[in-house]
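> The chain contents come next:
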Amino acid sequence: MNRAEFLSKFKPQKIVEKKPPLGGLETYSGVWTQKQVIHLLRRTTFGVKKAEVDALLALGMNGAVNALLDNSATKDPIPSPPLNLYSTTALPDPTTPYGQTFVDANPLTVIPPEYYQARINMVKAWWTGNMIHQKLTITEKMTLFWFNHFAIEADTVQIAQGIYYYYKLLRDNSLGNFKTLTKLVSVNPAMLLYLNGNKNSKNAPDENYGRELQELFTIGKGPDSKYTEDDVKAAAKVLTGFRINPLTVPISYYFDPSQHDTSDKTFSSFYNNKKISGKLFQAGEQELDDLITMLMDNIETARHICRKFYQYFLYYEITPEADANVILPLADFFKSSGYDIKLTIEKLLKSAHFYEEASIGCVIKSPLDYSVGLCKEFAIAIPDNTQKEAQYVSWGIVTTLAASQGQNLADPPVVSGWQAWYQFPQFHRIWINADTLGNKNKTAEAIFSSNGVVLLNVALKIDVFKFFENISDKENATAVVTESVALLYNYPLSTTSINYFKNYLTGGNAMGETYWTQIVLAYKNDPNATNKSQIETRLRPMLKEIVSQAEYHLS
Amino acid sequence: MKRRKFIQKAGIGMAIPSLLGNLPLFANENQSLLQEFLNPLVDTDHVLVLIYLGGGNDGLNTVIPIDSYTNLAAARNNILIPESKTLKLNGVTKTALHPSLTGFQNLYNEGKLNIIQSVGYENQNFSHFRSTDIWSSASDADKTLDTGWLGRYLNEEFPGFPLNYPNSTNPDTLALQLFANQPLLFLGPNAQMSMTLSDPNSLFQVWPNGINDAANNSPYGRELNYIRTISKQSASYASAIVSKYTAGSNIGTYPADKYSFSDVLKAIARLIKGGSKTRLYLVNLYGFDTHSNQVDATNTAIGGHADLLKIISDAVYAFQKDLEAMKLDDKVLGMTYSEFGRRIKSNDSLGTDHGAAAPLFVFGSKVQGGIIGKNPIIPSQISVNDNIPMQYDFRSIYSSILKDWFCVGDASLKNILLKSFQNLPIVNNNCSSTALDDLSILEDKLQIKIYPNPVVSTAKVEVTVPSGISHLSLIDPLGRVVRIIHSGQLLEGMHSFTIERENLSRGNYYIRLQHKNGQKTAGLVFVD
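Residue numbers (our numbering), protein chains in the order written: chain A, 1 to 555; chain B, 1001 to 1528.
Any given hint could turn out to be false.
Have a look at the derived ranges for each label pair, beta carbon to beta carbon [claimed, not checked]: (1) B:Ala-1297 x A:Asn-106: 22 to 28 Å; (2) A:Gly-338 x B:Thr-1144: 30 to 36 Å; (3) A:Asn-451 x B:Thr-1169: 39 to 45 Å; (4) A:Leu-280 x B:Ala-1297: 28 to 34 Å; (5) B:Asn-1217 x A:Thr-495: 18 to 24 Å.
As a list, the in silico DSSO-like pairs of lysine-lysine whose alpha-carbon atoms are at most 27 Å apart [unchecked claim]: (6) A:Lys-442 x B:Lys-1232; (7) A:Lys-376 x A:Lys-388; (8) A:Lys-226 x B:Lys-1143; (9) A:Lys-50 x A:Lys-461; (10) A:Lys-221 x B:Lys-1419; (11) B:Lys-1143 x A:Lys-308; (12) B:Lys-1345 x A:Lys-202; (13) A:Lys-233 x B:Lys-1345.
Hints are computed from structural coordinates only; laboratory data are not their basis.
Glycine residues also receive a C-beta, built at the ideal position from the N, C-alpha and C atoms.
If we strip away everything but chain A, and leave its shape as in the complex, we get:
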């Protein structure tokens, strides 16, 4: 017996629990309480507001999911585009006056070098703002899913206009058709730049996009994915000839037949030996459609995307039962629907599997979930449209907080997106390490402090009274804790833990609960500064403590 075997004898045995039968894709028919609503909201939006919980509670499960998936242009239009708030009188942006949007600026016009990054920072802040101010729909969570799936890096692309239009493309199609989206992404200038598609030529094909299109964007690397290296090369040949036209507004692609490989491209038996006939002149561009059709005809594409849906919305671990009962039928549905994203997500969000106990509370929040969620859950004040600079700085602070926790918006580390959403076997756990957890704790300390998180004279801070408005039984210290925990954790706590938090309100003495009741009543009768302060100095550290526990990092 070696040392490991010896010591393993002393390890606690895993308790095998009897689990209820696992739900599948059949429609959920159980209770509809605050718990299910919060679960649905956390997974489909960022953070939870009490008003939103109440609204969806009233709609029932079907109505709630339908409401979240209604992202029609009238209900949920894209906010007006990001602005030039960076230029000065001394150093103007020659394409764009201060206060106007730069997204249609000609990318060939030379601007002061620091403005390239400044524009990208504006796009990032603006995008974060869209998440903070999102309507009650899935749009932003879904757009982030697609940006993680069809990942590009702003830092590589460097053209903010391109990043904006790429985001817009993903947002406009976030619940649209996956086949259409894949086609549009493949010829999008930002993607052509990012994966060298614009340099792919017949003489020496650049395989970068042809590879990632199959490995990451469509077929994936599931157990039954068997495409070959020759398929990568054949796809690269199909994809030769796409170039960027910087002269249009917005910048667009064009097809250069002189750079296109017109030979016939033959694929492996995994694709049924499909032959894509080489086409001459402008018709060569149609080979891309043939390629995408071939990829979509393969069930592995539907399975790959459904696994990613599952890992994003449900849990990173896909058990064999979940694969059989949820993924495979969902993939069949996705494919037979002609790759309709909305119908497929609807099926998942209405399924019995989505609402069962094992699915609740097990997602480790992404840094954006955490940072944007804090803003929403504590109704942090963001300057309005009349104070544009302060508004963008506020959004920028939230962008920065998420980046310090390992998620730099629009700049994932690699083409496969953020590790937490693909790296077997740790997945979401990768969001948690000494750095990121440290920075989350630091964020909580700062944002609950009286100064708040300050950047360029703009402070983000928490007014605990706004959160206090959510509590129905304010005079009852126990109720204040249990109601707060119900909203912020979505799991009940032991009496010991409730008392731990309650001590912040009561000072831990026997008379404390009465005392708490008295100060709340005093404030009700006369909301003067002293009475307000009595509550605030107790409520603030209690809420900070709730947010600082491991429980708060789960969604």
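Could you slot chain B onto chain A? The hints should help.
Frame of chain A, contents of chain B only:
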């Protein structure tokens, strides 16, 4: 992925200088050697520093087979470095280094650099992500493992982890990923064995330890436990890092670079000097995925790839000299690796696509200086399909380092790497060693003759071996083993085998012969 570094990626405003700025610096940066001698803090076991070259490093432009210039020029003229600009190595005529690698050249000439040629694995995978996972987990290419090789190593040494860790004997994190994050590499069967640190500010946190409701074995409970464990460990390891960093100090100077790469090595030297017992470090530099603009259009000796190699080589050299001044160089070994090499044939974007085997560097005062293996064979007719076949399985490097550097016994070695691999003469040390000279003698005895060559349908392969178990395989242009010709006992002398082409397509193939820790490769061309 472009020349992007993890540092900027992971967040903002966290350049390493702030690591220095934030720590209470009691130690004077310019302490004299005498004071160093008097400093009693050094108490460390052997350390391994892994340097990951993210994206797939172009081995052919790193360690250049100058005996193949004609064929290289035919395959990659637009990125080929003129022979006159390459760096010569003492006593070596057929192999030279990229002009940026002056630090490695010096280390080689001082006998502190071991270059292992054409490291890879059978059935090369060309995906960054899958191939990185293969290198991290040390799995076969067609299998997946859900633990990392260093996670399994640490689990053998510290089997109870994380229960009762840290403790007085092991106050420091077992492994530290400094400005790097390869979760799978250090994942053990029970726990993540490494600490990830990219933001020094996180060392100064208050770690809440408020409520502690029992977590059940549901998904929710498992994730809750995970976060709590990391939180508790981080608190303790963070204060240990601060105290070791404060106690240590650097002696040598380090060159500045735009990714602060050398600062990371500098911080590691300082932690080791401060008495840290951390055994394993991972650092990284990204940007080696040079599909385009690998070289400058007008001067192939400079450009993106050259810049990256210079950063690594200069920083490693400074690190080695610092450790030597600290008298800690006998304790530290370093190794570079990348998920794959790049294609022999270049593309039109002044770059190269994903490839197969590539050279790997191991450095330190205890390495056996030299080159293991022969130059890769560059065929005269090169298609886009041609790749460098492996000479050495990457796990042979792992195995040799575990055995000779960390003195891991055979039973544990089998638990960690799951099977046996060749032992290569990389490190000199007390536990065991295979001398580089012995290997050369053995490899000189191995002979392969192929005729006819090129081959239309049938070829004879004659091999000469010492007595014992020999493995003979046929490898295709993509580096895949397409035929095991022989695997088993052979008597000393010459043996003849017949290869039928059957359905194999035309192209450059290789015969690989392995006997004990020696190996030999010979090219074989199928023509129609």
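> Run every hint past the structure and note whether it holds.
Status of the hints after comparison with the structure:
1. Checked against the given bound of 22 to 28 Å, the beta carbons of Ala-1297 of chain B and Asn-106 of chain A, roughly 26 Å apart, stay inside it.
2. Taking 30 to 36 Å as the suggested C-beta distance range, the pair Gly-338 of chain A and Thr-1144 of chain B conforms, at roughly 33 Å.
3. At about 43 Å, the CB distance of Asn-451 of chain A to Thr-1169 of chain B agrees with the hint of 39 to 45 Å.
4. Look at Leu-280 of chain A against Ala-1297 of chain B: about 31 Å separates their beta carbons, and that is inside 28 to 34 Å.
5. The hint said 18 to 24 Å for the Cβ distance between Asn-1217 of chain B and Thr-495 of chain A, and at roughly 22 Å that hint holds.
6. Only pairs whose Cα atoms come within 27 Å are accepted, and Lys-442 of chain A paired with Lys-1232 of chain B is accepted, the gap being roughly 16 Å.
7. Between Lys-376 of chain A and Lys-388 of chain A, the direct Cα distance comes to roughly 20 Å. Compliance with the 27 Å bound is thereby established for this hinted pair.
8. At roughly 14 Å between alpha-carbon atoms, Lys-226 of chain A and Lys-1143 of chain B fall within 27 Å of each other, so this suggested pair holds.
9. Restraint check for Lys-50 of chain A and Lys-461 of chain A: the C-alpha separation of about 19 Å stays at or below 27 Å, so the hint holds.
10. A hinted pair counts as satisfied when its Cα atoms are at most 27 Å apart, and Lys-221 of chain A with Lys-1419 of chain B qualifies at roughly 26 Å.
11. A C-alpha spacing of about 22 Å is found between Lys-1143 of chain B and Lys-308 of chain A, which places the hinted pair at or below 27 Å, so the restraint holds.
12. Proposed proximity of Lys-1345 of chain B and Lys-202 of chain A is supported: the alpha carbons are some 15 Å apart, at most 27 Å.
13. Straight-line distance between C-alpha atoms of Lys-233 of chain A and Lys-1345 of chain B comes to about 14 Å, which keeps the hinted pair within the 27 Å bound.
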